[in-house]
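2 protein chains.
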Amino acid sequence: MNLRPIVSFGKIAGRMAQNFVVIIAGGKGERFWPQSRAHRPKHLLPIVGTTPLLAQTLSRVRPLAPVKNTFVITSAAQEKGVRACCPQLPPENIVVEPVGRDTAAAVALATLLVEARDPRGVFAVLPADHVIHDRKRYVADLKAAFAAAAADKVLVTLGIPPTEPSTGFGYIERGSKWKAFGRKPLYRVKRFVEKPSADVAGVYVRSGDYVWNAGMFVWSVPTVSSALAQHAPELVKALSPVRAALQGNQALPAVLKKVYPKLPKISVDYALLEKAEQVVMLPSSFDWDDVGAWPAVARHHPADKKGNVSKGRVVVEQGSNNILFSEGDHLVAAIGLENFIVVHTADATLIAPKAKAQEIKALLKQLEKAKDGARWL
Amino acid sequence: MNLRPIVSFGKIAGRMAQNFVVIIAGGKGERFWPQSRAHRPKHLLPIVGTTPLLAQTLSRVRPLAPVKNTFVITSAAQEKGVRACCPQLPPENIVVEPVGRDTAAAVALATLLVEARDPRGVFAVLPADHVIHDRKRYVADLKAAFAAAAADKVLVTLGIPPTEPSTGFGYIERGSKWKAFGRKPLYRVKRFVEKPSADVAGVYVRSGDYVWNAGMFVWSVPTVSSALAQHAPELVKALSPVRAALQGNQALPAVLKKVYPKLPKISVDYALLEKAEQVVMLPSSFDWDDVGAWPAVARHHPADKKGNVSKGRVVVEQGSNNILFSEGDHLVAAIGLENFIVVHTADATLIAPKAKAQEIKALLKQLEKAKDGARWL
Numbered sequence: 001m002n003l004r005p006i007v008s009f010g011k012i013a014g015r016m017a018q019n020f021v022v023i024i025a026g027g028k029g030e031r032f033w034p035q036s037r038a039h040r041p042k043h044l045l046p047i048v049g050t051t052p053l054l055a056q057t058l059s060r061v062r063p064l065a066p067v068k069n070t071f072v073i074t075s076a077a078q079e080k081g082v083r084a085c086c087p088q089l090p091p092e093n094i095v096v097e098p099v100g101r102d103t104a105a106a107v108a109l110a111t112l113l114v115e116a117r118d119p120r121g122v123f124a125v126l127p128a129d130h131v132i133h134d135r136k137r138y139v140a141d142l143k144a145a146f147a148a149a150a151a152d153k154v155l156v157t158l159g160i161p162p163t164e165p166s167t168g169f170g171y172i173e174r175g176s177k178w179k180a181f182g183r184k185p186l187y188r189v190k191r192f193v194e195k196p197s198a199d200v201a202g203v204y205v206r207s208g209d210y211v212w213n214a215g216m217f218v219w220s221v222p223t224v225s226s227a228l229a230q231h232a233p234e235l236v237k238a239l240s241p242v243r244a245a246l247q248g249n250q251a252l253p254a255v256l257k258k259v260y261p262k263l264p265k266i267s268v269d270y271a272l273l274e275k276a277e278q279v280v281m282l283p284s285s286f287d288w289d290d291v292g293a294w295p296a297v298a299r300h301h302p303a304d305k306k307g308n309v310s311k312g313r314v315v316v317e318q319g320s321n322n323i324l325f326s327e328g329d330h331l332v333a334a335i336g337l338e339n340f341i342v343v344h345t346a347d348a349t350l351i352a353p354k355a356k357a358q359e360i361k362a363l364l365k366q367l368e369k370a371k372d373g374a375r376w377l
Numbered sequence: 001m002n003l004r005p006i007v008s009f010g011k012i013a014g015r016m017a018q019n020f021v022v023i024i025a026g027g028k029g030e031r032f033w034p035q036s037r038a039h040r041p042k043h044l045l046p047i048v049g050t051t052p053l054l055a056q057t058l059s060r061v062r063p064l065a066p067v068k069n070t071f072v073i074t075s076a077a078q079e080k081g082v083r084a085c086c087p088q089l090p091p092e093n094i095v096v097e098p099v100g101r102d103t104a105a106a107v108a109l110a111t112l113l114v115e116a117r118d119p120r121g122v123f124a125v126l127p128a129d130h131v132i133h134d135r136k137r138y139v140a141d142l143k144a145a146f147a148a149a150a151a152d153k154v155l156v157t158l159g160i161p162p163t164e165p166s167t168g169f170g171y172i173e174r175g176s177k178w179k180a181f182g183r184k185p186l187y188r189v190k191r192f193v194e195k196p197s198a199d200v201a202g203v204y205v206r207s208g209d210y211v212w213n214a215g216m217f218v219w220s221v222p223t224v225s226s227a228l229a230q231h232a233p234e235l236v237k238a239l240s241p242v243r244a245a246l247q248g249n250q251a252l253p254a255v256l257k258k259v260y261p262k263l264p265k266i267s268v269d270y271a272l273l274e275k276a277e278q279v280v281m282l283p284s285s286f287d288w289d290d291v292g293a294w295p296a297v298a299r300h301h302p303a304d305k306k307g308n309v310s311k312g313r314v315v316v317e318q319g320s321n322n323i324l325f326s327e328g329d330h331l332v333a334a335i336g337l338e339n340f341i342v343v344h345t346a347d348a349t350l351i352a353p354k355a356k357a358q359e360i361k362a363l364l365k366q367l368e369k370a371k372d373g374a375r376w377l
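Chains A and B supply the protein sequences, listed in that same order. Using this note's numbering, the first residue of the first sequence is number 1, and each one after it goes up by one. Using this note's numbering, the first residue of the second sequence is number 1, and each one after it goes up by one.
Please keep in mind that the hints were generated in silico from the structure rather than gathered at the bench. Careful, some of the hints might be misleading.
Using C-beta positions, here's what the derived DEER-type ranges look like [said to hold, decoys possible]:
1) G307(A) <-> P283(B): 47 to 55 angstroms
2) P283(B) <-> K365(A): 47 to 55 angstroms
3) D304(A) <-> K258(B): 43 to 51 angstroms
Here chain B is said to cover these stretches of chain A; the calculated rule only asks that three of the stretch's residues, wherever they fall, bring their Cβ under 8 angstroms from a Cβ of chain B [what the hints assert, rightly or not]:
4) 329-339
5) 360-372
Cβ atoms here follow ideal geometry from the backbone N, Cα and C, with glycine treated the same way.
Construct the complete structure from the given sequences, taking the supplied hints into account.
This is the structure we're talking about:
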């Protein structure tokens with residue numbers, strides 16, 4: 001992957017390009033069932049901390065862009081919850097995808113939203129549901145990424161230095177050093193790789209040349225628009241009514257409803273980043289956790305002497321290393337449990353060994369088929 | 001143990017002695033927590049079947065004695081629940097022990113209650129919380145016991161032929177054959193033995209000479225009165241104000257409240273049956289289960305192909321041989337559970353491997369000490 005000749009375009013006609021943040025809030029709400037549901041996915045829950053992860057993300061990006069320049073893209077099922085979670089945002093900055101069309105569509109829509117406000121705008125695309133405690137370094141890293149994206153025609157990805165040979169993430173192979181912004185070094189990218197096998201992941205992590213692709217990107221409207229036009233022309237074409245609506249101040253929802261079902265369902269990694277040549281990577285310096293499922297939650301809560309992490313009214317007799325959450329005033333009483341997850345909510349209780357946490361999806365499928373079972377989804 | 005010379009006294013002065021049943025309903029409600037509570041013990045719950053075990057017992061004894069001759073002895077904490085469960089009984093037939101004083105006191109009180117109605121009455125003392133499906137044989141066995149107790153000065157105990165070397169029951173060693181009533185053979189008793197070790201229980205069961213002592217007795221007022229006077233004179237003496245109150249139609253509760261705390265806390269086995277000489281044993285021919293704890297419940301419910309027994313809204317993904325009960329419309333979702341008990345009630349949920357079911361007592365002790373924990377007891 002070679003970088004094209006670099007031309008600085010951050011300032012044109014004396015006016016600075018504005019910064020924007022677009023938060024993608026579209027999770028399905030399966031992996032944290034029964035706390036999460038279709039209408040109340042992970043980012044609308046205080047899985048870690050006391051406020052929903054989306055609210056934490058909004059607060060964390062505040063130093064990067066003003067509220068009026070912050071968008072949230074979400075799904076129809078979650079709109080109500082997202083609006084309730086983001087009272088500080090202008091209502092028109094919460095944009096609803098009528099149907100899910102994966103991340104390429106969301107990124108292309110984000111590009112049009114920012115373009116309508118500032119055709120030279122620089123924006124970050126960030127997931128709503130990651131847990132990051134070190135806000136200072138987070139902001140510093142992203143500011144460097146914004147500076148790079150403003151100064152050069154590059155697609156900046158943040159790379160997370162891996163802490164384990166996870167098979168749950170895509171990886172980015174680091175190339176040679178490119179430039180530094182705000183003392184943060186950025187690297188050329190050799191290649192993007194999809195979620196690897198455990199063996200391959202081990203090789204990646206030991207090599208020191210790979211970082212996790214966490215789906216955090218920063219780029220300018222002109223750079224990403226031109227890359228999309230080159231690598232995903234059908235997507236750009238299909239979205240042209242949306243662009244026209246935004247430029248002409250037409251009502252967006254009706255147009256999205258018409259256009260969206262026709263969009264290709266494809267990830268931004270596959271549609272754009274794996275193909276584009278001007279991709280650079282900034283290795284993150286902050287702590288990061290995507291808290292992918294219940295077992296990961298324990299990392300962010302204090303445990304008792306026996307390694308039990310609990311919330312709510314819980315009593316444990318002879319048990320260790322469990323996650324025990326109970327909502328309301330309900331008592332969860334566990335005897336002899338080791339490495340279990342127990343989550344009690346008002347209308348459903350999950351009990352599973354941590355090692356079986358990934359089977360929640362199979363359970364929800366079973367529930368979907370069961371008579372009257374869909375009301376717990 | 002030798003039997004005294006037998007004198008028939010079933011009929012005196014041309015009038016038949018009446019039959020009575022006294023049901024002892026005094027369990028603590030620990031082993032079926034969280035369904036059972038101090039005020040709602042096992043016999044007030046439909047642990048097996050659709051009505052409380054006490055109601056099932058009342059219905060089962062109907063062919064043995066009329067309603068007016070049926071008593072229930074219970075505790076203060078359970079009075080309300082017992083009265084609600086037994087609307088068909090005359091209110092004065094539900095007698096409340098102000099404090100628990102073990103079974104010898106309850107049997108002595110039962111004797112006085114029956115004596116006040118018929119000094120020659122024959123009565124059965126029966127636990128409230130056993131599960132017995134074969135009512136026909138149950139009634140036939142007890143009728144034979146009533147006939148024996150009416151005809152001879154004997155203390156009849158029912159012996160349950162053991163199905164396994166249980167360490168949870170006392171055993172009765174059978175002696176030589178004594179007599180038969182209604183084609184049911186009764187045996188002399190060599191000795192009563194307390195709950196044995198597993199090894200000893202194995203020897204007992206293999207020998208074929210031992211039966212379980214299930215706490216089911218039949219005797220006449222004169223016979224048991226005289227045995228109590230001989231072997232538990234202090235108990236008889238301490239209860240004399242109760243006898244006077246019953247004979248004089250004084251209000252019973254006030255007298256019981258004064259007398260009961262002073263009574264010795266001792267079992268009827270130890271106080272009477274192990275010492276008395278005129279004990280005979282009738283081996284039961286009916287099915288019998290004391291359903292001592294959650295794992296035993298599975299025996300009485302149909303299981304699915306994977307051995308899961310469930311009640312209420314339950315979904316199981318990859319799991320077998322579990323007991324899963326959910327009250328109300330709450331969903332219990334279990335993944336990867338093997339041999340577990342999960343019991344959800346409105347205010348508490350228990351999760352435990354079947355093998356740890358006996359640790360409920362330790363859990364409840366912990367709860368008793370916990371701030372505000374007693375409200376779940």
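Original post:
Hint by hint, which ones does the structure fall short of?
Top reply: none
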